[in-house]
Every structure is written in structure tokens, then in C-alpha cells.
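Sequence order for the protein chains is C and U. First residue of the first sequence: 0, per numbering that gives the first Met the number 0; consecutive thereafter. First residue of the second sequence: 0, per numbering that gives the first Met the number 0; consecutive thereafter.
Note that these hints are calculated values from the structure, not bench results. Take the hints with a grain of salt, since some may be wrong.
[As the list claims (entries may be wrong)] Taking lysine-lysine and the DSSO-like style, the derived pairs with C-alpha atoms no more than 27 Å apart in a straight line are:
| id | chain 1 | residue 1 | chain 2 | residue 2 |
| --- | --- | --- | --- | --- |
| 1 | C | Lys364 | C | Lys347 |
| 2 | C | Lys401 | U | Lys9 |
| 3 | U | Lys64 | U | Lys130 |
| 4 | C | Lys401 | U | Lys109 |
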Amino acid sequence: MNLALAKNETGRALSDSFAVARDRLPGTGKVAEARSAAFEAYDRVGLPHRRIEDWKYTDLRALMREVLPLAPAPDAAALKRAAAAVKLQAVKETRRLVLVDGVFAPKLSELDGLEKGVAVGTLRGVLESGEAAVQAQLFTLDTANPMIALNTAMMTDGVVIEIANGIVVTQPLHIIHVATGTTPTAMFTRSLLRLGKDAGVTLVESYIAADGAKTYQAHDSLVISIGDNSRLDHVRLVEDSREAVNISSAVITLGAHAHFNTFGMTSGAAVSRYQATIAFAGEGSRVETNGVNLLNGRQHADTTLFMDHAVPHCASREVFRAVADDRAHSVFQGRIIVRPHAQKTDAKMMTRALLLSDEAEADNKPELEIFADDVTCGHGATTGALDESLLFYLRARGLSEKEAQALLIQAFVGEAIESIVNDDLRELAIAAAHRWLEARG
Amino acid sequence: MSLLEVKNLKVRVEDNEILHGLTLTVNPGEVHAIMGPNGSGKSTLSHVIAGKPGYEVTDGEILFKGEDLLEMSPDERAAKGVFLAFQYPVEIPGVATMTFLRTALNAQRKARGESEYSTPDFLKKVREVAKSLNIPQDMLRRGVNVGFSGGEKKRNEILQMALFEPAVCILDEMDSGLDIDALRVAADGVNALRSPDRAMVVITHYQRLLNYIVPDFVHVMSKGRVVKSGGKDLALELEASGYAQFEDAA
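Chain C extracted, bound-state conformation:
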């Protein structure tokens, strides 16, 4: 009864904002129809709540309450503030592709001298006048998930990258999401990476706030297809404002003999959820996912992974490390499905949580559904505090309590960070971890 009321209220407020925003949303005809259908799908459910199993630990009705109005397109002042924020994140040797308040910013992006076989466009461009096949791929995300449905309805812009067969791109592509709004608003973005056969690239995603941007919502989604014999390295760093919400979804599909190495770290945002589906569509492929949560205060971060072993002879490794201090709440949900014909699947998942306070919480929900009989699957989970004997050893050597804790926390998350192959990007992740540790005092 209360739920129905809550739903109607959020629904009505949002229906209005969808109606208002509609003129600004790119695409007509089929695209507009798909948006309306997605909005209806969202509107039937509203914000997901704890009674939906998949959202048991992350009740967005309590944590997010409402969907904020669509952020206005950035003006010159916003772009200037975004540029300053981007500068702080600059990594040498990467190609920056910047989205400011959910809108692609060509002036802040590096589009000159793209390598042969690499094409970069915008979501707006594709939705307005792109090829039907590319448009269709953008709508492959499952709108049964209300937050994906909402994103599908509202997506304004994003980066669309195409890498041709046989092209191995050496320069990492870095999508930077910057929020600049000083009044509470929401951004809705979707990006697409189509990696051809025998190809390779490194994709980095950063979520940051310009100085003064505090309360905002980043609703993002990512669609990736990895061709046969191709390799994608992926690094994702959430350093949003400590009052922000970040809800991101991803669908990654691998062809045969492909390799996907992904690392994600959440040290920012008040509330965040990253939900990714990784689907094996060709045999002989391999996925390594590494994740880190660094949380304190009342931060809430949820990583929900769905590993879909639909074909034989594929391997997946999931390593997740959570550090939670104060009253922070870390959530890891890892679902692995091995479908009936996916023999010789090798899937493993290992999560470890480090609780720095009595009130911190780490929830871990592994779900293994195995329908094939010749497979190797396993999962393990541990939760604990920092080892007192190690802390004393370090303090006896002159480190303060905070310094000793910081060194042990770095060691704890280090194994996951080490999975980043590119030296510059590994340093970027280490720097983000340092920022979190320093802010801790």
C-alpha cells in the first residue's frame, strides 16, 4: 500500500520530467518508440526496492528517493569548470573523451589524429542518424531492470567507438564523466564500444565532479562487443562527489578466443551501483574481473556481476576486495550461470572484505547456477578486521596508526590493482586509492 503510493509519486514526478525532457532527447521514429516503451517499463515498477531480490541490499527508494530532473546542457562556464576537473585526472598517453553533464564535449576531448581503423562518434549522432544495426545494438540492454529501462528512456548522449578488424589500438581511450551542476540534477548517458575481430584496445572510464558540484545523479550504461581473437582491457574509477549517486549498467559480449580484463574501483559517490552482465558467445574466451570498494562515512557501493557461461571452454575469474570504515556499506553480488552445453567451463570467484569499524557492513552474495556436468566452479569469501600483530609491527617501526592502516589497506587492495596491465593506468588507480586514504586523514 505504501509502496504503491511511493511508486505513484515518483512515477508522476518523473513522468512530468520525461515529458519535459523528451524534446531534448535525440532520436525519432523507432528510437522514440523504444524510449517510450522503456519509460513505461520503468514506470510500472518505479525505483527498485529491497523486496526485489536483486536489489535486496540496495534499496533505491530509501537511498536515492527520487530521480532528479535532467541536467541542462553545459554552458561555457560549466565547460570551463569541467576542463579544470579533467586536468586533475589527466593521464599521459591516453586519448580523452569527455562527457560534461551527460553531453559529449568535443572541445575537451582529443579527437585529432585517430588511429587508422578507429572511429569515435556520439550517442546523439547515432540515435539521430546512425545505422540501424548500431542503433539496435544500443537497445540490447534488458529493460526488465528498471534502472536500465530508465536509462534507455532518458539517455542523452555518450561515446560510440568502433574499432575495425585487425586494429590493435595502443593509446588507451579514456571516457571521463564530469558533473558540474551546482543544483541537483541527473545525467543519463550510454556509450558503445564495438571491437572487431583480431583487435585490441584499452578503455578507461572515470566519474568525477567539478569543483562545487555536489548533489547529482549519474545514470550511465555501456554496451561492449568484443570480436573473435580480440582483447579488451577496461579500467573503471568512480570518484564522484560524496553526495552523488552513480547508477551504471554494462553488457559485455565476447566472441570466440577473446579476452576481457576489467578492473573497477569505487572510492567516491554516496550511493553507487554497478551492474554488469558478461556473456560468453564464443568458445575459448577468458574474463578477469577485479574490483575494489574503498568506503567510509555512510557510503554505499554495490557491485552486481552476472557471468553468463553460455558456451563451452571459457574461463572467468572474479576477485573483489571491499574496505569499509565508519558506517559504510559494501555489497557484492556475483552470479555465475553455466548453461547446459557450456562444458569445460572454469569459473571462480573470490571476495574479501576488510571492516575497519564495528558499524561497517559488507554483504556478499554468491550465486552459482550450474547446468553442465563437466565444469570447474568455485567461490570463496572472507571478512575480517586488520591484523593487530601487523599493525603493532608497523607502529613499532614508527608508523602512526593511520599510516599503518593505510599501508595495510593498500596491500589489501593491491592484488586487485595489480591486475591492471598498463603502468600509467595502474598508477591512476593507485592515485585514486591514495586520495581516498588521504581524505580519511
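Starting from the known structure of chain C, fit chain U onto it as the hints suggest.
Here is chain U on its own, set in the frame of chain C:
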């Protein structure tokens, strides 16, 4: 002024009193050996001097250069120049030895208001000391004590001692788990650090170690007290007659 003065120290762990009024005075340049059977309170003394949590001091005091050591946190004690070589150095996976050494050295220097070491100066210093202790470079790149043998762990303790240049070194059962060759290397490392400004307190169960690190004073501990003090010959005497006589005396 004495470097380290332990006066009538009474310490308990939960409901058990371990030290029952221990007194010990250590001056610069001196090497003191503390001997005694298992359970006599030797390791408790070393832990309380270093500031390990879990011990309750119910009476007495510990002064370091005249300052109240018990009021200081373990890291403050380290920065002031108190060093404990652990009986069982811990393994810290994921923290490279080199990173650990630099972090610790700079933390101590910072606490003393000194400038931090530059990387080249630091590396030069570590390499010099490591070489003298037979510590290969690849050991410094590994996690702190991870996969180290017993001898390597002890040499790593002495490496830190050489690097941090403390005023007082407490060596807790440095000989445990070492074969004779490893013991000799470790003892040579310690002897090289003897100086007129620095004092050492060598805690050991066996006289053997004292053949290599020759003390100026020997104290016998039993049941939480120093029951006899003397020169280096006292250790030989103990080797011959055992601890039983003192257990009765205490």
C-alpha cells in the same frame, strides 16, 4: 643520564601479574643480556618497552632519556630511538620491503622534525647496509618477510636497526630458529652497530648467543623479577648450573 631506566615495573595481562617489580638501568654504550627460563617475563618486558597493546602497567615506570616512555605511542617511541627486534617478525604480504623501509624511516624522521630522505640517498643507504648483512636485492623487492627463512627474517630486523639508527635496541630471542651460520651473520650485524652512544638489551634463553654478542652485564630473570645481576661470566655460570637455583630463590 641513563638511557633507559625501568623502575619497579609491575605488569599484568588480564588477571595474571607477569612482572612483579622489575628494575633495570641501561647506560649509553652498554650491552645488557637478560637471561631466564621460559615464562620468566623476558618477552613481556620487551613488549612493554616497545608499547605493544594488551599489557597493563599497574606500578612503576620506564624512563627513556628521562622521559616517560609509557605515555608514548609505539610510533613515538620508535621515533625517539627505541627499537625492538622481534622474536617472530611478521609477514606482510603486499607491502614491498623497500616501500616499508622507506615509509618507516621517513615517518620517524618526520616525527623528529627532520627532512625526508631523497630516493637516491635512501636507496644508496639501504643497499650498503643490505650488502653488509648478505641480504640480496631481490629480497628487498618481496613482501615484508614473505617467504623469508628464519635467518632472513632476523637479518631483515638487523637491517632495519642499522637503517633507523636507534639509541636502544631490544633484541628479543634473536637466536631462536637460527642455525649456527645464520646466528653468526646476525651477531656480526649487531656487533657492527655497537657504539658508545647506543645501548643494547639482548634477551635470550641460551648462553650460546652471548658467545657472539658479548655483553657487559648479565641479568637473570625469574618469575617476573631480576634475581641476579653480574658480568659476562654469569652467563657461563648459568650454562653450567641451569636456572633451577634461581627459580627456587624467586
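So, going through the hints one by one against the coordinates:
no., hint, in the structure
1, Lys364(C) <-> Lys347(C), "holds (14 Å)"
2, Lys401(C) <-> Lys9(U), "violated (30 Å)"
3, Lys64(U) <-> Lys130(U), "violated (32 Å)"
4, Lys401(C) <-> Lys109(U), "holds (15 Å)"
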